[in-house]
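Trainee: Here's the letter readout for the chains.
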Amino acid sequence: MVTIATNLGRSGLQDWIIQRISAIILSLYAIFIFAFWLLQANAGYYAWQELFHNNFMRFFTFLTLLSLVAHAWIGIWIITTDYLKITWLRLTTQILVYILLVFYVVWGIQILWD
Amino acid sequence: MRTKPVYLNLFTIAFPITAIVSILHRLSGLLLFFCIPFVLIILQSALFSRESFNQLKEQFIHSLCAKTILWVSLTAFMYHFFAGIRHVLMDAGLAESKSAARQSSYLIFVLSFIAAVIIGYKIW
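If you read the sequences in order, they're chains A and B. Start counting the first sequence at 1; every next residue gets the next number (the numbering used here). Start counting the second sequence at 1; every next residue gets the next number (the numbering used here).
Watch out, some of these pointers could steer you wrong.
As the list claims (entries may be wrong) - With the Cβ distance kept under 7 Å, some of the chain A side facing chain B (calculated, not the full set): (1) A43; (2) Y45; (3) W48; (4) F52; (5) A72; (6) G75; (7) W107; (8) I111.
Claimed, not checked - One side only, chain B facing chain A, incomplete, derived with CB under 10 Å: (9) L30; (10) L43; (11) F53.
Hints are computed from structural coordinates only; laboratory data are not their basis. For every residue, glycine included, the Cβ atom is placed at its ideal position computed from N, Cα and C.
Start from the sequences and build out the full structure, keeping to the hints where you can.
Mentor: See below:
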């Protein structure tokens, strides 16, 4: 029996909802960045600086990063529980992925607000 | 009592195209997970300083390695994105029938291929 104590949501349904909501946020962000890149014909250093010094953009980006972490965690959780049936191997992988994802959040904060 | 594992030789099974879409969705997701640090490095380099920004630009113009990683990441993202939309639309009840599911599967491959070609063209 695969142990089920490392889910993000409180139920499979909640994971399902978190995946969809995070997917929507991620999609909106990707579309925005794409549109910005497309419309800013020669987006140089200053254009991107200006964009990311805007507080709303910083918030949006951070929100997207958090959504990415949630979305990625659930995805990796699904993959590890499906394929890594040896408990210690699965749990070790999940712990490492978890630490990595927390690192990405901290890194993101540093990139956006330093 | 644990049941004995069943041996399924995956190479002998003829998979429907919907199954291919599904496993590629999973694979592209896994690949994207490994691309996250590159995305953060790109964001960091672009914002840190003028020098790092220009260095980044140089990499994307000249480095084969950087171009390949970028192309693979973006293609994986587009595929995962299209297949994800198909997932959500099917959740909402659209195109759930077997024939519609097959058609949307082909559509995913066509769209992803087109995206891959356009992105490849832009990068190279």
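Trainee: Hint by hint, say whether it matches the structure.
Mentor: Outcome of the hint check:
1. Evaluation of the A43(A) hint against chain B yields a violated restraint, the C-beta minimum of about 10 Å exceeding 7 Å.
2. At about 4 Å, the closest approach between the beta carbon of Y45(A) and any beta carbon in chain B falls short of 7 Å, and the interface hint on this residue holds.
3. For W48(A), the interface hint holds, since its Cβ comes within 7 Å of a Cβ in chain B; the closest pair sits about 5 Å apart.
4. Interface hint status for F52(A): upheld, as the beta-carbon distance to the closest one in chain B is roughly 6 Å, under 7 Å.
5. With a least beta-carbon distance of about 5 Å to chain B, the hint placing A72(A) at the interface is held under the 7 Å criterion.
6. Taken as an interface hint, G75(A) checks out: its beta carbon lies about 5 Å from the nearest beta carbon of chain B, inside 7 Å.
7. For W107(A), the interface hint holds, since its Cβ comes within 7 Å of a Cβ in chain B; the closest pair sits about 6 Å apart.
8. For I111(A), the suggested interface contact is upheld, since its CB lies about 5 Å from the closest CB of chain B, less than 7 Å.
9. For the restraint placing L30(B) at the interface with chain A, the shortest Cβ-Cβ distance is roughly 6 Å, inside the 10 Å limit, so the hint holds.
10. With 10 Å as the threshold, the beta carbon of L43(B) comes within range of chain A, its nearest partner Cβ sitting at about 6 Å, so the hint holds.
11. Contact between F53(B) and chain A, as hinted, is supported at the beta carbon level, the nearest pair being about 4 Å apart and thus within 10 Å.
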